Structures are given as structure tokens and as C-alpha cells.
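Peer 1: Position in the sequence shown counted from 1, then plus 65, gives you this note's numbering.
Everything labelled a hint here was simulated from the structure, so no lab data went into it.
On a predicted model such as this, the values are computed, not experimentally measured, just so you know.
Just so you know, not all the hints are guaranteed correct.
[Stated by the list, open to error] Here are the in silico distance ranges between beta carbons for each label pair:
id : residue 1 : residue 2 : range
1  : 111       : 133       : 32 to 42 Å
2  : 151       : 175       : 12 to 22 Å
3  : 129       : 202       : 19 to 29 Å
4  : 198       : 133       : 41 to 51 Å
5  : 166       : 137       : 37 to 47 Å
6  : 129       : 192       : 35 to 45 Å
7  : 106       : 139       : 31 to 41 Å
8  : 166       : 133       : 34 to 44 Å
Quick reminder that beta carbons are idealized off the backbone N, C-alpha and C, glycines included.
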Amino acid sequence: MNVRSLVTAVDELYERAVTRPGDVDDGVLARWLEDQAAGLEPPVDREVARLLRRAARTARRLARVRSRRGGDVVDWRHGVDDALGSAGWRVQLDLARRGLDLHPDPELYEEARARYRAVHFTDWPVTYEEIVARHEG
Numbered sequence: 066m067n068v069r070s071l072v073t074a075v076d077e078l079y080e081r082a083v084t085r086p087g088d089v090d091d092g093v094l095a096r097w098l099e100d101q102a103a104g105l106e107p108p109v110d111r112e113v114a115r116l117l118r119r120a121a122r123t124a125r126r127l128a129r130v131r132s133r134r135g136g137d138v139v140d141w142r143h144g145v146d147d148a149l150g151s152a153g154w155r156v157q158l159d160l161a162r163r164g165l166d167l168h169p170d171p172e173l174y175e176e177a178r179a180r181y182r183a184v185h186f187t188d189w190p191v192t193y194e195e196i197v198a199r200h201e202g
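Taking the hints into account, I'd like the entire structure generated from these sequences.
Peer 2: Dropping the structure here:
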């Protein structure tokens with residue numbers, strides 16, 4: 066399972082919800098979930114599946130807020146921040162953390178660090194070495 070690609074897929078879904086909120090409806094979200102699930106190797110981790118469903122619900126809420134507010138945003142990330150605040154990045158952080166629990170990866174660690182900062186406004190107090198040691202131990 067490549068959790069990094071799931072984090073990217075959530076980003077792409079959020080970008081669509083910000084830039085084209087009218088295009089994010091229940092049908093699109095259902096297809097998105099199916100596409101993500103199809104890319105997962107069995108057995109599918111229950112926590113990852115739960116986080117993907119949460120991402121779809123968050124994207125729906127994001128699209129609703131952006132539809133009401135209207136107007137263009139310079140960067141879709143600002144649209145997420147404006148609509149949902151730091152909580153808008155929680156799903157990607159939780160996905161990255163779960164991915165690190167399953168298979169430590171230095172690039173995923175960097176994703177988690179960036180998301181941690183976006184959610185908590187401080188550096189992540191965990192080093193990659195600590196994650197690897199926990200995984201091996």
C-alpha cells in the first residue's frame with residue numbers, strides 16, 4: 066500500500082473541491098472512494114479505509130463552503146485554510162501517520178511533518194529514526 070499516493074489523492078480531491086466545488090457531488094465522491102479502494106492491496110487496513118471515507122466527507126463540506134463563498138482563490142490550499150482552518154489538513158496527517166505505522170518511509174515522514182505543522186502550527190516532535198525504531202521494536 067502506498068499511503069503517500071493516498072495523501073496526494075486527498076490533496077487532489079480537495080483542490081477540486083476548492084477550484085470547482087460544483088463538480089464535487091455524491092457521485093464523484095463515491096467514484097473517488099472506489100478508485101482509491103481499487104488501488105489498495107488486500108487486506109485493506111481498516112484505519113486507512115476509515116480515513117478515506119472521512120476525506121470524502123471533508124471534501125463534500127469543503128465544496129459546500131466554497132460554493133457559498135464563491136470567488137476564485139489564488140492557491141487552492143488557501144481555500145482549504147479559509148473554509149476549514151487547520152482541521153482541513155487533519156485527514157492527510159492521520160493518513161501519513163498511519164502509513165508510517167504500517168511501513169516507515171522517509172518521504173512519507175516529510176509529508177507527515179508538513180501536515181503536522183499545518184494542523185498544530187509547530188514542528189512534529191518525532192524523528193524518523195524514532196518511528197523506524199518503534200516499527201522494528
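Peer 1: So which hints don't hold here, by number, going up?
Peer 2: 3
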